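Work out the full structure: start from the sequences and follow the hints.
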Amino acid sequence: VVFFYLKDTINSSSENSPVFLPSKMYFRSLSVGLLVAPFTNAQLGELATYPIIGGYHEGIAFDEANNRLLLSSLVSNSIISLDPDNDYALLNTYVPDGGVNPSGLGLKVEESTGHVHATISTFSAFDNGGYAKYDLQDDTGTAVLAETYNMTCTINGTSGCGLANDVIVTDEGVAYLTDSSNGRIFMVENGAMEEVNISDPTLLDWVDPTFPFGSNGLVMTEEGTLLVANSGAGTLVRIDPETGDAMNVEIEGESGGGDGLLYANKRVYIITGTTIYILESSDDWMTANSLGSIDIDKSADGESAATGAFGPMDENGDPIAIYVTYVRFGDLFGDGPNEDPSTLGVVTFSSSAGSTPAPGTEATTTTGGATEATGDTSTTTVATDATVATTETPTTAAPGSAEPNNSANGMYFGFGMFVVGLSVLSMVQH
1 VVFFYLKDTI NSSSENSPVF LPSKMYFRSL SVGLLVAPFT NAQLGELATY
51 PIIGGYHEGI AFDEANNRLL LSSLVSNSII SLDPDNDYAL LNTYVPDGGV
101 NPSGLGLKVE ESTGHVHATI STFSAFDNGG YAKYDLQDDT GTAVLAETYN
151 MTCTINGTSG CGLANDVIVT DEGVAYLTDS SNGRIFMVEN GAMEEVNISD
201 PTLLDWVDPT FPFGSNGLVM TEEGTLLVAN SGAGTLVRID PETGDAMNVE
251 IEGESGGGDG LLYANKRVYI ITGTTIYILE SSDDWMTANS LGSIDIDKSA
301 DGESAATGAF GPMDENGDPI AIYVTYVRFG DLFGDGPNED PSTLGVVTFS
351 SSAGSTPAPG TEATTTTGGA TEATGDTSTT TVATDATVAT TETPTTAAPG
401 SAEPNNSANG MYFGFGMFVV GLSVLSMVQH
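Going by this note's numbering, 108 is the number at position 108 of the sequence shown; the sequence numbering is gapless.
No wet-lab data here; the hints were simulated from the structure.
Some clues are possibly wrong.
To be verified - Using C-beta positions, here's what the derived DEER-type ranges look like:
1. I320 to S299: 21 to 31 Å
2. N248 to E195: 17 to 27 Å
3. M247 to E111: 29 to 39 Å
4. D283 to V95: 45 to 55 Å
5. D83 to E111: 16 to 26 Å
As the list claims (entries may be wrong) - Straight-line distance between alpha carbons at most 20 Å, and here's what the computed EDC-like set of lysine to aspartate or glutamate pairs gives:
6. K266 to E254
7. K266 to E223
8. K266 to E222
9. K266 to E315
10. K266 to D283
11. K266 to D171
12. K266 to D318
13. K266 to D284
Being a predicted model, the structure only gives us computed values, none of them experimental.
Note that beta-carbon positions come from the ideal geometry of N, C-alpha and C, so glycine has one too.
What follows is the structure, given as structure tokens:
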């Protein structure tokens, strides 16, 4: 920023004055100065966490029609519902019938029908992938199986290979799901499942070939473009489902390899183990710009953020809150599950409309740089499956209060104010 200011000053000065600046240069420098400071984590959102007993839930969906949060478990093969108006207390536990169990990974609600869409797999074996559609029955606590499909195997032609991970459902009822172990995308439409032909092996690009784990979180844009998080390569992949053309999105600014993806109002929210990155694109996701990030790190507790779901949206179509599931993968791949509670994270946005700030606008903050505060009274009843337990009050942490992020933001803000000051001085003297 300072370089461009000095360059304009030198090139335009006719009086050899280091502070001479024509009016058009003033407006240019003023605009850049106002835009230079990126959003801070504290400006973007605030994280509160709630304990979930008998955890290991990854799949998550918000059922707006019934005002409930649905989660599926990696270990219990059940779906639970939580009450967002009562500190996410347990409402019900749904046990699938028909012998087809959700894997605990992908979960979505089709609002027009109330159907719950879930991926099915043997998570421990990264195999037996498929997809199921359920109707949840509150009176019996049953997830009644409506439809089920198995992925085709690319190795020996048998049915049920691959790790079905995330699932999305379009307004027309078409479902798409990812196969993480084989880098594939499947589509379910009109009672049939078929693989989306991808003309580029982008989703097979893994950093660690000994741990093949590619296509993961999945979203679709208004234009019908699919965006996929390639967790193995740490990239965001753009796919045209009509042609199968695939490419890595070129991202300007901070980002990271995602697990879960969310999409709203032409913005992508990438959920990694410790951070939510927010991206925006103006060219249908050939390229993207980072708008900032939110710190959701709980790795010190052995928990990794996995996937997320939007809560209610505001009048502009932006999220008021994002729900995040945390999983102790070290347990699952180590000594096995235990009874320790896992965590539900709730990120609420700080601006008055409940949305992230638009690029180039001043963001407001309600966190005030607060550090973590922990409640110590037992008042909240939160449970999963058939277990009810009394737990501590939610812990609220103010993302962005970490020293490195605030220091960086202070530096950028200082640069911005420096440019604005020089610009105003130049205008006065000119």
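Hint by hint, here is what the structure shows:
1. I320 to S299: 21 to 31 Å: Hint holds: Cβ distance 27 Å, inside 21 to 31 Å.
2. N248 to E195: 17 to 27 Å: Hint holds: Cβ distance 21 Å, inside 17 to 27 Å.
3. M247 to E111: 29 to 39 Å: 31 Å, holds
4. D283 to V95: 45 to 55 Å: 46 Å, holds
5. D83 to E111: 16 to 26 Å: 19 Å, holds
6. K266 to E254: Given pair K266, E254 holds - Cα atoms ~18 Å apart, limit 20 Å.
7. K266 to E223: 10 Å, holds
8. K266 to E222: Holds, at roughly 8 Å.
9. K266 to E315: 15 Å, holds
10. K266 to D283: 10 Å, holds
11. K266 to D171: Roughly 17 Å between the alpha carbons, so the hint for K266 and D171 holds.
12. K266 to D318: Within the cut-off at roughly 10 Å; holds.
13. K266 to D284: Distance of about 9 Å is within 20 Å: holds.
In summary, the structure agrees with every hint in the numbered list given earlier.
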